[in-house]
Structure formats: structure tokens, C-alpha cells
Amino acid sequence: MMRAFLTSAARNWPVSLGAILLLVILFMALTAGIFFPEGPYVSVGRPLQWPGDLAGAPMGTDALGRNMAAGIFYGARISLLVGFASVAVALIFGIVVGAYAGYYGGWIDNLLMRATELFQTIPQFMLAIVVVAIFGPTIKVIVFALAVVSWPAIARLVRGEFMVIRERAYIQGCIVLGMKDTRIIFTQILPNALSGVMVMSTVLVATAILMESALSFLGFGDPNVITWGSMIGSGRNNMRDAWYIITIPGLCLLITALALNLVGNGLTDLMNPRLRKRKVK
Amino acid sequence: MAEANPQPLLAVENLEVAVAGHPEARILRGVTFAVNRGETLAIVGESGCGKSMTSLSVMGLLPAGVEKTGGSLRLDGTELPITDNRKMRKIRAARIGMVFQEPMAALNPVFPVGKQVAEVIGEHMSLSRSAARARVLSLLDQVGLPDPERIAKSYPHRLSGGQLQRVVIAMALACDPEVIIADEPTTALDVTVQAQIMRLLKQLQIDTQVAIVLVTHNLGLVAHTADRVAVMYGGRKVEEAPTRELFLNPQHPYTRGLLDATPHPDRQRRGGKLLNEIPGTVPSITDPMPGCRFAPRCAFAQADCQAAPPPEEGPAGHRVACYHPAAWAAQDKTEAPQ
Amino acid sequence: MSMTPLLHVKDLHCSFKVSSGMIHPVRGVSFDLHRGETLALVGESGCGKTTLARCILGLQKATSGSIQLEGNEMAGLDRMQLRKFRPRVQCVFQDPFSSLNPRKRVEVLLREPLDVHHVGPKEERLRAVHEMMEKVGLPSEWGRRFPHEFSGGQRQRIGIARALMLRPDLLICDEPVSALDVSVQAQIINLLDELQRDLGVSYLFISHDLTLVETFADRVAMMFKGEIVESGPAREVWRNPQSDFTRRMIDAIPVPDVTRAAPPAFRPDAAPQDKTMTES
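Chains as they are written, first to last, in the numbering used here: chain V, 1 to 281; chain L, 1001 to 1338; chain U, 2001 to 2280.
Mixed in with the good hints there might be a few duds.
[What the hints assert, rightly or not] Here are the simulated EDC-like pairs of lysine to aspartate or glutamate, each with C-alpha atoms no more than 16 Å apart in a straight line:
id : chain 1 : residue 1 : chain 2 : residue 2
1  : U       : Lys2122   : U       : Glu2107
2  : L       : Lys1273   : L       : Asp1260
3  : U       : Lys2061   : U       : Glu2073
4  : U       : Lys2225   : U       : Asp2244
5  : V       : Lys180    : U       : Asp2193
6  : L       : Lys1273   : U       : Asp2193
7  : L       : Lys1273   : U       : Asp2198
8  : L       : Lys1273   : U       : Glu2194
9  : V       : Lys180    : U       : Asp2115
10 : U       : Lys2135   : U       : Asp2193
[Said to hold, decoys possible] A short list of chain L residues far from chain U (calculated; beta carbon distances all over 10 Å):
id : residue
11 : Ser1055
12 : Pro1081
13 : Lys1115
14 : Ala1132
15 : Asp1190
16 : Ala1261
17 : Ala1303
18 : His1318
Source of the hints: derived by calculation from the structure; they are not laboratory data.
For glycine and all other residues, C-beta sits at the position ideal for the given N, C-alpha and C.
Using the sequences and the accompanying hints, generate a full structural model.
Below, the structure is given as C-alpha cells:
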């Protein structure tokens, strides 16, 4: 199984590239405390040192003389945490709403889908800002705010999948067996509906990471943690003379989003048992 | 028409088709047959026997990932350029008409059917707009559709399965083809509609002398519409004979098994079983197997059957690819076929 | 017969809304099915036979009428109330490719019915699964495989095995062999026949193929436009059709026998038929 997975991953190089990039970012997030035990806020030298100018600060220093590399490593933590946590919350909510709406149809579907549309009509970023403005800028609130804007897309996708799979003969068979609805929804339909959701989730994680950066950039981020977005935000005054301060975290965001999209594109094939078999053969 | 043409209209010889890039993964293993003008040849077999792949080859419509690796396909003596899509497009419809199982798949849902028939005419014949229109209406009338004016303006989803199949037949006939390839043309239809469609094809054959290659799994259909039958199994033709001869005197164990497995009214239950089944399942089409591909399921298989594929033998009218044709005759006289 | 029939359907109507408006596919259907008997319901596409089956299975609400299983009314019950009847009425579907959950191993597929109804101790369920696999002609060591590793006929065996796990009294078979090849169709029909003699299960066999039904069923009910237009012993209906619809259908069936004349509807020289019957 594992071998088969690896062989097909090797053939599908964009997915592998995406996965490797993600692993590198994960590595940065996990090792931030080892490489930079002093944390990202300590001044390590003169401000605005270009990358390479100062030993120990390979990415240079910012306007306050803080180590850019430390900021990138610690920022990776926040980006990944916020991205994955918010989508995880959105998945739980979106799947439950979408599953019940798609499985039952009728007025339940109507009610749940109108509610979903209500959320979708408000511009996502505005909604996130409002939530953060009301509940205060902490990591938990930001995760919650991003989950609030992400779940409708998941709910709609899950609903669509459920409406299709619900009509398949094997689900009719389960009803005839007398299986309870909850069991049909979660053990019979959901596993078959997940592949599309997984693909969408990777894209949503990328969106959430970008949105968190945008919040931080605008000053709606958690002031107690450093993020790629806040680094860009604080670097914008030095954009002309020290453009690396915004470019480096910007590139990190770009690479992360790209990696997630690459993985998402490849996931569909890898998770389909039928395709997997064919490919190995 | 040339008188006493010695050469068949459509001749397929030793056709080999394999998975592209894997010549050892053979799908068709040397298929030979020929059809004359005004004749109906039925190609019979079960799923995976290669009958559809054969018809797709003739039309130059082999799916991606599959390629012809040998043999020849000749229409009226000239080789069909089946890999040249541009030339094939001219030949299809102009000389070879096609009717598939799913009429819906052959029609574009966003155009009225009359327009689609007219398009086929426009592509292959130089007719004025009004002449083309008149031809569309006469074709729709010819295939027995009531009120051709109204039908021509209808979109595919407004018509029933039988009506759609008639439209598809009208398209196949649009440019007076010499051959019609009908691949399971009635499988998706009810029996009463099936009878109407088959009767229509027969009538058209009487009127135009078109040759029909009928690809089907339905032996009942074959019994009453075909002149000759080719039975396929595992990418090979196992038996070919005139229809009556094949049904009354099958030589290949598979042919006989197929005939016996077909439900047959008024037949008594034999040996406790309702129907005579063929045990086992069809081998994977690409399964490398040195001998006869039916041997693993054959009650009469012997050692030589496993060794090498049996060659096609017998008189010109009745060819069999089997080392032990009609082996049951000697084995058991009490249980005669039929 | 004085005995209570296993299944008694009386004046069943079913209508529902689809995108293009109300349709009324079942219009007052009545029939009885006795224990150990095979009743075939034959008709063309759109005649309402599948809707009728869905009503009996509780997948579709009947508008009016009665469906009794040994005298117990099932029509009008909701899904919770139907649960106690579920083990007694099971079904086999037409398409062997969509009727099995692609992500479950065969063992799990066959164990699920027992799990749902808590039949027997857990450790014995797998043994029952393996017994059933052998009964339908599948080696029990194939239990660890997934549905897509099987051929169409083998999948239909799995579908039949799953339906029989709860030892139902009635099996509703909706065109169980119409997607299969002739030789495999014979295998499945023979299997159903053996299982009936072995287990005493009754079949409501839905089909469009009158020749197959003539061989397999005890009785036939011919369905046309939502009504049963004729019923009787299978052979009787075939030999001596009473209704116009049955006669027309038989006239169109090509029997695989070259010693007979082609069916009338096939002959180009025959008088043209009313072509509007099934085409609208």
C-alpha cells in the first residue's frame, strides 16, 4: 500500500514537489525554537542588514534589527496553525451541514442552504475583519473567523456529493437493510464524498493562510505573535530601500500556497483506489 | 454497381489491436471477416470479447491508448486510413454509417435534431440549403418518423429512445453509405421498439443494398436478422457460419454454450438446472494465455487446447477455431443440442 | 388459496412530483405472492414496475392502497416503523457496479446486515459471512477484496449474498441480470433457483425479458402504464396471451430459434404496426 502510494507519487512530480515544500515549511515551524531559542523579537544586530551581510541572520534584519530568519521560522508556525486549524473547524461544520442538507433534501436542505448562502453573500474578508473586530485579535478568534468564512464552500460541495451518492443503489440498499440515517451518512456516504472535500480543503488552507496574513498586515492580527503578514506589514515603510523585508515573507506565502495547490491537485488520483491500482499496474 | 464483384465490400483481415506501447497486451488477436453488399453480418459475443473494438477499428474510432498493430481493413479493395482522422471523417458517414447503443451520446443536446442531420449532409455532399433541408425531411420520413417537420425542429431530450435511434439511423443514412455498422443498436430500447428499429434497418437494406455489420450480444436478434454470424471470444473469432447453420449445427463449444445459456421459451428444465450455464468468467482481455482462450471454461478441453491457439478451419461457409469441434456429439448422444 | 399470502398488495397507487410535474407511475396495482413462489413483474421501461418495487421496499411512499406482509400492513409506515420488517424483505439491484459500496471489503459488506440488526454474537458473524459466500459460489478467501476487483457476475453474487444474510422471506430482484452477459446471466438465474429451493425464499422478479421470465418464474404479471393488464402462470401467459399489450410484446420478441419464423414485428413485409405504442 505504502509502496504503491510512493510509486504513484513519484510519477506525479508536481504533487511530490508540493509535498516536499510543505514538509520544509513544517520543518521550519517545528525547529523554530531550536534554531532561534531567543525568539523572533530579540534585536540581533544593526537594523536593515541585507541578507548575507550579518552572520547569524541569513535573511538580514528588519527595521528594528530583529532576525528576519527567526521571524520566518516562527511565522511558519502561525501560518500553518491558523491555516489547518481554521479549515479543520470549517470541515467539521461544513460537512455536518452539507451532509444533512444533501441527504435529507426538502425543507432541511432549503433551510441549511439559505443559511449557507447568507454567509456566502457577505464578502469573506470583510466578515473575517468584523469577527476579529468584535471578539478581539487573538489566535483563537482568528482561527474562528477564518473557519466562519471557509465553511460555506465545504458545505455546498458536500451537499452536492451527498445528493449524487444518496441515489446510488448501494445507499438504497442500506436503507432497505434498515440502517439508521446517521450511520448511512457517516459510514457509507461520507467516505465516498471525501476525496473532493480533501482537494478543496488544501486550497482552503492556502486561502486561510493568505487571509490570516492579510489580517495581520492590516493590523488585525494577534499582536503577541509574529506572522508573515505582520512582517510584511511592518516592512512596508522600508519598501524602497530594504525591499527584502516584504519580499521574503511574501515569497514564503507564495510557496506555501503553491505547495498546497499542487498537493490538492494530485490528491484526487492518489485517494481513488481504482485509479491507484491502474497507475501502479 | 459492378456485376458479380468477386471482392467483398468490407474485408477485415487478421486485425490485431493492442494497448498502445504494449504490443503484448493484445485486445484483438487476428480477426478476419468480410461483408458483401446487401448482406447482414452479425458479430456476436459477450462483454470483453472484442466485438466493439472490432467495430470501432473499422470506423477509425479506436479509443486513446489502444492502437492497431497489424492486419488490414479494406473497403471496396482500398485500405481504410484508420489512423488518419481527417481522411476517416470523410469516409465515415459518406461511406460507413454508424449506429451506437446510446442514441443520446451520438446527438448534441443543444441543437435540434434536423440541424444535426443537415450538418452531416453539409459536410459530405454539396447541396443547396433548401435541397439539404428537403433531404433531411425525406430522411426522417424514410426512417419512419411521423411528422418530420416537427421532429426536425425538436431537441434530442424531447424525443423518446426509439425516435432518437431513428434519427441516428437517418444520420447514418444521410449520405447513402455502403456499410452500416450497428453496435448494439437496440440494447437500450424496449423489445417492441427494438423490433421496429430492426425492421427499419432490414427495409433500408432491401431498398439500398447497404451492407450491415450488426454487433450484438442478443442471439434472438441475430437469429432473425443476420445472414451470417461471427462468434467472438477473447479477442478472437471462434466460429463463423450462415445463421441457420450456426444455430442448428454449432461446432465450437463456446457457440453451443452461448446458445444453451440463452433463455428459450418452451424448453424443459434439464438436469435440475434452469439454464445451461458456462462456468467461470471471461478471462481478462490482456491475459497472456498460450492456448485457446476458452479452454479454462470448456468442458471438452484437452491437453492440446492449452498449448497453442487453434487455427481457423473448415469449409469456406463454416469456419471454426477449435481442436475438437462438436466434441459433444461423440461424448453424449442422449443430450443433443436444441 | 385460504392461506395468508406472504405479500398482499391491494389497489396500490403511487404518484409524486418530478421536475416536469406530477407523475402517476403506479395506478391501482393488486397482486398476491405466496411463500416459496416466484412472481415476475414484466413491462417496458416507464411502466411503473420499478416504482412499485420501491413502494414495497419503503423507498417510495405509496399514495394509497395496502401492502401487507403476512397480514401486517407496511404501507404508510415511516422508516423507523419499517425497521422491524426490514430483515424479512430485501432486494437485489440491477446494476452490479453501483449496488456495492466501493470502499468496503466484501466481508464488511456481507457483515453489515448482521451488525445493523444485531444478529448473533459478533465473532460468529464472520463465519456466517464465509458460509454465505460459499453458498453463492464465491471462495471465502476473497472476502478481503474490494468490489472493483470482481466481475459483474461476481458482484451480483455478492449483492445476492448481502441480501440473503438476514434470511429474508421475500427478495425483490429489480432486473438482477439485465446488465450481465448471457452466460453469466444463466449462472445467476440458476443460483437464484438453487437458493430458492434451499432457503424457501420468495422472489418478486422485475424484468423486461419475457423469455427469461417464462423459464424462471412461476407466475407472471404484465404491467403496462402503471397497471397490471394480465397475470397468470408464466407458460400460460407466453403461450396464450390475453391482453393486447402482452400479445404485442410477444410478437416483437426475437426467439433464438431459426426453425421458427421471425416474429411478426420483425418482418419488413408485415403490415406496419402502430408505432405510437411506446413512443410518445
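Each hint tested on the structure:
1. Lys2122/U x Glu2107/U: Cα-Cα ~13 Å, so holds.
2. Lys1273/L x Asp1260/L: The hint holds at about 12 Å.
3. Lys2061/U x Glu2073/U: holds, 13 Å
4. Lys2225/U x Asp2244/U: OK: Lys2225/U and Asp2244/U at ~13 Å, within 16 Å.
5. Lys180/V x Asp2193/U: violated, 32 Å
6. Lys1273/L x Asp2193/U: holds, 8 Å
7. Lys1273/L x Asp2198/U: holds, 14 Å
8. Lys1273/L x Glu2194/U: holds, 8 Å
9. Lys180/V x Asp2115/U: holds, 12 Å
10. Lys2135/U x Asp2193/U: holds, 12 Å
11. Ser1055: holds, 17 Å
12. Pro1081: holds, 34 Å
13. Lys1115: holds, 21 Å
14. Ala1132: The assertion about Ala1132/L holds, with a minimum of 26 Å to chain U.
15. Asp1190: violated, 4 Å
16. Ala1261: violated, 4 Å
17. Ala1303: holds, 24 Å
18. His1318: Fine: 14 Å to the nearest Cβ keeps His1318/L off the interface.
Checked against the numbered hints listed earlier, the structure breaks hints 5, 15 and 16; every other hint is satisfied.
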